[in-house]
Every structure is written in structure tokens, then in C-alpha cells.
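J.: The primary structure of each chain is shown beneath.
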Amino acid sequence: MADATMTNPSAASTPPAGEMNYLTCARGWKSWFLTLDHKRIGIMYLIATMSSFGLAGLFALLVRTELLTPKDTIVDADMYNQFFTLHGAIMVFLFIIPSIPAALGNFVLPIMLGAKDVAFPKLNLFSFYLWMFGGIFAVVTLATGGLDTGWTFYTPYSIETQTAVIAMTTGAFILGFSSIFTGLNFIVTIHKLRPPGMTWFKMPLFLWAIYATAILQVIATPVLGITLLLLIAERALGVGIFAASMGGDPVMFQHFFWFYSHPAVYIMILPALGIVSELIACYSHKPIFGYRFIAWSSIAIALFSFIVWGHHMFTSGQSELVNMVFSALTFSVSIPSAIKVFNWLATMYKGAITLQTPMLYGLGFIFLFTIGGLTGLPLAMLSVDVHLHDTYFVVAHFHYVMMGSTVIAMVGGMHHWWPKMFGKMYNETAARIAFVLVFIGFNVTFFTQFIIGSQGMPRRYYDYEPQFQLGHQISTMGSYVMGLGFLLMLGYLLHSLVRGKKAPANPWGGSTLEWVASSPPSHHNFDEAPQVDDPYDFTGIDYKPDTDEYVFNRPRAAKA
Amino acid sequence: MMRFTDMLGVFAQGGPKTLWLPEQASEGAYNVDNAFYFVYWVSVFFFILITVLLVWFAIKYRKPKGSQPESTVTHNTTLEVSWSVIPTILVVIMFLWGFSGFMDLANPPENCYTIQTTGQKWKWLFTYPNGHVDTELHVPADTDVKLLITSEDVLHSVFIPAFRVKNDAVPGRFTHVWFNAIKPGTYDFFCTEYCGTDHSRMITKCVVHPKDEFETWLENADPIKRMTDEQFAEYEKDPVEFIKKNPDFKGLLPPAAMGGALYDKFGCKSCHLLTDEKLIGPGFKGVYGGARKFTDGSTLDKADENYLRESILVPQAKIVEGYDGSMPSFQGRLTDRHIYCIIEFLKGLK
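Taken in sequence, the protein lines are chains A and B.
The first sequence lines up with residues 2 to 561 when you count with this note's numbering.
The second sequence lines up with residues 199 to 548 when you count with this note's numbering.
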């Protein structure tokens, strides 16, 4: 039976010249803004979230420039406070939470499943419009007095400040719903649209990661919604929930806030871990080591992330017992994260490694995630955290995890799937130069901050003591190098859309289903249902040097 | 100069500044730093291990496109058990070490010398047991000192890097830090919880005095209190001239300005505005020289020095109609000389 239905998938993957793909099958702005195609929605998310990244990155460069000297460099203290707040709020709510799931996840997830679309295409488009609507509130915030609370909105300061707290929290509230609907959509899609033959343990690991993330999005985000509503009620109506002057408890806000925002950290990092599993396996051309462990650890990390929020509050005055419990639980999360790193290394061992740009990002990720993870240990350790809490050590730690890991993985994934998304290859040399600039710039920027932080430099300081100046200046120089790297990246990616070489269906030798589809895929992803088997079986994928592409040359297992 | 052993973080109590950590100026800093350096060296080991393997594998197993891997093994029980168990043992040690160290930091010994510490936008106020209020923290060396911390407005946080202590100042509740400073000197004191415009300027100094010199400092900390009667008489007569002639009275200002500073330091401003509007108590504008009507029916034509002095020291003696008499007594905290300065300050508010 298998024999009878066996086809050479590469035949299906190269459509005749002139055949329509999802980019060319319909034209005009309506075909984009009213589209139900997950791929087009993914592309719109990619443009929207990367624009947010650019805006928030600009604020970061302004922050770094101001810190070149103590006291006044380019702006006054109030403006500086706005810069770091907007940098954080835009990065978190508009970029890093939606970036991987909503942009890359939307594009890749249904294709990896061999499906035509997500389970609820209309809900998917609605999520995107909610994102846009939430984004408008962020712009309104900028236009109506800005925001100076820090992205964490800690009370009672956020109740007293004259800046546009209500506009930004309303925006974050709406963005939260966008995130919830995306998560819901992905959970249902993974449960219901897996093709016959794709059991849970035959799913690519990126899907496990997206699934774990979706659980968090659906369960944790409502808590943020409620917290922000209470904050709005307190500001607008004077209800005394968090302000001590009205009989409220300011520390309770922190509990509510981190009950969401700690899982949110994993909403950011889990999909990144998923991408890296794909990258390391694909460019090592070798089955991933410890598949089941990596799959389960995504779920375990997701569940653990709900019970570690108190580690943000070791010096808030909460009780010693509570601190002890949260410290112990926090350490327990470090183990599955560490094992993932060892699994990736074991995957590379005796592999057939090729070092294209996405793999450079994969390797860069392992390096940076290792530093980000290890520097979490002293912060989980109660006595040491007392010294390090709210210093630049923490700033450096979470930038290594959020930017050094999540953004690097996101950018790596973008380079990995770019030929699939647009059917064009980018300039490999330019991409490698950009990687080197970003990687070196990043480490110069943030490694320095570990040192000034453990020396005692507090966070969110406009002015600082002279002993920290050298560190700040080195850090700022690093940030400029990194900015240059991202500019170069923008340049060659846009260039590739116009002048890029046409991409083959499988330029990297990937074994998951998206590499069976043509580049770019047709409107329905697959002309005939692809066959499903082990996602990390790299046998029978042959390299053709004359066209620099890989073709499937194997009978795959039972056809869908 | 930094020695090699300093780089490693190996030293006895009271170690110098290293690449990573500031000078150890308290007893507790030693334990915190040892814990830090334990994690540090474990981290350095794993970082080097991972980076070396990463680079080595990337070079050694780099193959031309289209090559097949040398092995497709996906499990190795010994390897997987060891890389799960070894890190687990290490983090259990870290947890226990961090927790026991934290219990030391969190639980002050009996009979600490306690200093009330209040954060407000954007300064710190330290109230000593004798009632002296200062904007700098002064402590005796080799003494268990506890800061009892609260906030007047938003969240702040006490952070003294050289002592490795930190705790938030939360409005509506008390928190604390304690330390035993071992080296006389001057150390940074930061606010580490974002509190608005001048968060980064909410910094002060912590001055550690040799144990036997602290009491002398405390007695002389207040220039008004320090003067002899003759000196004070001279100061009263011509403050500007007195200040010029006696530069060793640090921080001394003319009486009205001293009174204004006391108004800030002693928290008068949380109940009394400088306008004539009522907050909790009456506004201070025109408070000197105005007429009063009391709850017992008696009246006063002109609020003079004696009346104001009584209001500060025995507030319940006469309560003005329309107020509830919630003013605390400042008996024992303000001397007559301080009250003289405050009244001079009030006279200027017309």
C-alpha cells in the first residue's frame, strides 16, 4: 500500500514556472488586509513586529547614548525615564511576545503539520487586528505624554505619575487578547490538524515549543489583563487596591504582575528554544539527540514557569518562607534548560555540520543562552540576589536571555525560513558580516553590564557615580556596533526581495515538511498531502551541487 | 593593585574590591561573596566546557554540503543521567548556601542599634535614637546596626553595595536590613527601586565611624545642639557673622533656613502646607501672629513664640477649633534652640 502511493516529494515541490504561489495568487491591498491565509498573516506580523523592534531599538540606542556621561548628555531625567520605559514596554508587548509565535509560528506551524491553514483562520486575522489596535494605543501613549513607569508599572508610582499610564495599559490589555487568541488557535491546530501518522512524538520540536507557549499564552495572559484593569480602576476611580495611602497593598501588584510576567518570559524563550532545536538538527544533518526529553522539557518548563514568579521579589519585603520556596523552585527550572544545551551539543557531535547563517545564529544562541542561564544562578541564590537585585547585573542577565537568546533565535529562524517565505536567497556574505557585528556588539554591550552591576550600579539610573562611567561607555559603543549589524541585516534582506537569487524548495537540507513545499509555498501549502514520518530523518535527502539545493530522494513512510 | 588571588575572590573577611565585587566593608559581605564565587567558578567551568565543545564540534564536524553524519545516535543513558544528576547536585548546594546566607541577612541579632530609615521622593532621612535626623547615614563600626525602613510615598529601596544589603522601602509597612560594618570609611548608599524623576539622585553616603568616635559624632552632628550658650547667643544676635567666623560648624545656616530644613527633616510637611490651606494641621502661612479660637471656648489674639513652643512640645494643651489634635509631641526630639529656628522660619511665612 505504501508502495502504491509513494511519490517523489521533490517533484511536488517544484511547481512549473509561472504557477501561482501564496504571494502572487491574489493582488491588491484587500487581498492582504482581508486575507485568511496564515502565511500572509504571518508576513504581516513579521513586518509589524520587526517595525516595533526597530522603534524600541531606537529608544535603546537613545538610552545608551544618554548614559555616555553621568548627568545630562542628550536629554533630561524625565525624558530619559520615558526612553527606557518605552524601550521596555514596546519590546515586550509589541515585539518579543508576539514575534516568534505570531510571525514565524503563523507562517511555519501549519506547513510543518502538512495542513492548509490554522484551525481558525478568521480568529487568526482577528488576532492580528487586535495587535494593530493595541499598537495604536502604544502610539497614542507616545503622543499623549509618554510613559515613565518602567514596563513593569509598579504601584504606587504608576498611580501617581502624570504620564499616559491608562493608554499604555489599555494597549497591553488588548495585545494580551491578541496573544490569547493566537495561543488558542495554535493549541486547537496542533490537536486537531495533525495529519494521520504524525503522532505527538513525531512532531517537529518547534511545534512542541509553540504548543507549550500557547498553553502559557492562554492561561497566564488573563491575569495580566485583570491586573491592568485593576490598575486602570485605581487610577481612574480611586479604588484603593494597590496604593497604601488608600489602604491598598503595593506589593500585591507585584505578585499579580509577575504571575503573568514570569510565564511571559517563557512565552518569549520557549519558542526560541524550539527554533534552535530545528536549526541545530537541520544544519548538523543529524537526528536530534534526546528528542523526547526536549519535547517534555518544553512542557515542564512551561508548567514550572507558573510557580517561580516570587523570585522577582526577593527584596520586596515578602516573608523568608516565601523566598525560600521560590528560590528552590527557580533552581528546579535551571535543570531542564541546562540539559537542552547538552542535547544540542550532543546533536552536533559526529554530525555533518554546515555553517550557513542560520546555523551561526544557532551556535551564537547556545553561547549566549549559556551565559544568560548561568548568570541566572546567582540571582536564584537568595543571599547573592540581595546584592545583585535591581542592578545592571539583572539587566545584563535578562538581555542575554531575552535578546541574546530570543532575538538571536528569532533572527536565526527568520534567516532559516526566509527562502521559504519569499522564495529568495539573501546574500550569504553580508549575512555573516551582520551576524558577527550583532554577536560582538551584543557581548560588548551586555557583558560589561554584568561587571558594573555586580559592582553596585543600580538599574534605571539617569545619573551615576563616576566609577561606572568606563563600563557605561564601553557598553554604549557595543550597542552602536549591534545597531549597525541590524541595519546591514535590514539592507540585505530588503535587497534579497528585489535582487535575490531564486530559492529552491530545500536550500538547507531540512527534513521537516515545510521543506517539501515549494518556495514560496502555494496558496494551499501543498498540492497533494505530504507524507509523514520521523521529522529528523536526514537520510535520502540528496545534495545537488549544480543547483545548490537538496532534494528528497526516498520513499517516505505511510502517506497521509 | 589587584592581586591574582583577588581576581579569584579568595581572601579573608574584609577583602578588597575585585573585578566583580566592591570592597567588603561588613561582616556579612564575606559570606555573600563566597557564595557568589562558588557559583562563579561553577559557571566558568560549565561556560568553558560548553564553549569549547561548541567550537570544537563546529570545526571538527564541519562537512561539505551533502555529507552524511558519522553517527545518528540519539541516546546515551550514562551521558544523559550524568548531565542531569551533576547539575542537580550543584544547584541543591547553591540553593542551601544561598538560603542559609539569606537567613543571616534577614534576621538581625538581638539589641541592634536601630536607625529609622525613611525614603521619600527623592531623599533618605535617618532618625537616630536620640532624635537627631540626618540625610546621610552615619554608623559606628563593629556594631550590629539595623535600619528600620519605610517610605513616605512610592517604593524605594535601600542598597549599600559595600555591605551587600538591600531591601525595598514600602509605604505602609516596615522592612529592614542589618549589618556590622568592619571598616571605617565612606560608602555609597543607593536607591534601587525606580521612583521617578530623580531616582538616580536619591543617593547618599554611608559613613562608618570608629566605634569610640561615633557617640561624639552623634552629639556634634547637629550644629545647633553643639553650640555653647555663649556661642548660641552670638549666633542669635548675628547669624551671618557667626557662620563666617566659625566654619567648623558644618551645615550651619541662619535660623530661618535651619528651621526650614527642620520642617523638611521632621516630617512637618506631611501635615502642614506652606500656604494657608489646611491639610491635616493648619497651613503655616500666617500661623505666627494670627488669632486662635480653641475647642474649650477660650481665645488667643496673637499666636506668639510661647504659644507656638507649647504647640510643638505639648500639642494637646490647646486645640484649635476645627482640628482633632492628632499632632504628635516633639518633646525630647527638638530642643528650645531648634524651636527658636522653626519659629524664625514661621515668622517668614506671611
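Rather than coming from a laboratory, the hints here were simulated on the basis of the structure.
Among the hints, a few may not be true.
[To be verified] No farther apart than 25 angstroms at their CA atoms in a straight line, the calculated lysine to any residue pairs in the SDA-like style are these:
id, chain 1, residue 1, chain 2, residue 2
1, B, K263, A, Q470
2, B, K344, B, I284
3, B, K545, B, S527
4, B, K491, B, K545
5, B, K263, A, T540
6, B, K319, A, N554
7, B, K215, A, L230
[Said to hold, decoys possible] Covered stretches of chain A (chain B as the covering partner; in silico rule of three or more C-beta atoms under 8 angstroms from a C-beta of chain B):
id, stretch
8, 51-61
9, 317-326
10, 388-401
11, 413-422
Computed from a predicted model, the values in this text were never measured in an experiment.
Backbone N, C-alpha and C define an ideal beta-carbon position, used for all residues, glycine too.
J.: None of the hints should be skipped; say for each whether it holds.
T.: Consistency of the hints with the structure:
For a cut-off of 25 angstroms, the pair hint linking K263 of chain B to Q470 of chain A is broken: about 48 angstroms separates their Cα positions. For the hint linking K344 of chain B to I284 of chain B, the alpha-carbon distance of about 40 angstroms lies beyond 25 angstroms, and the restraint is violated. A C-alpha spacing of about 21 angstroms is found between K545 of chain B and S527 of chain B, which places the hinted pair at or below 25 angstroms, so the restraint holds. With a CA separation close to 20 angstroms, the supplied pair K491 of chain B and K545 of chain B stays within the 25 angstroms bound.
Between the alpha carbons of K263 of chain B and T540 of chain A the distance comes to roughly 14 angstroms, so the proposed pair stays at or under 25 angstroms and holds. Note on K319 of chain B and N554 of chain A: the hinted pairing is violated, with a Cα-Cα distance of about 71 angstroms set against a maximum of 25 angstroms. With a CA separation close to 47 angstroms, the supplied pair K215 of chain B and L230 of chain A exceeds the 25 angstroms bound. Evaluation of the coverage hint for the stretch 51-61 of chain A: breached, as 0 residues show C-beta separations to chain B shorter than 8 angstroms, against a requirement of three.
Counting residues of the stretch 317-326 of chain A whose CB lies closer than 8 angstroms to any CB of chain B gives 5, which reaches the minimum of 3, so the coverage claim holds. Interface restraint, the stretch 388-401 of chain A with chain B: holds (4 residues with C-beta to C-beta distance below 8 angstroms; minimum three). With 0 residues carrying a beta carbon less than 8 angstroms from a beta carbon of chain B, the stretch 413-422 of chain A misses the three-residue requirement, and the given coverage is violated.
Of the numbered hints stated above, those contradicted by the structure are hints 1, 2, 6, 7, 8, 11, listed in ascending order.
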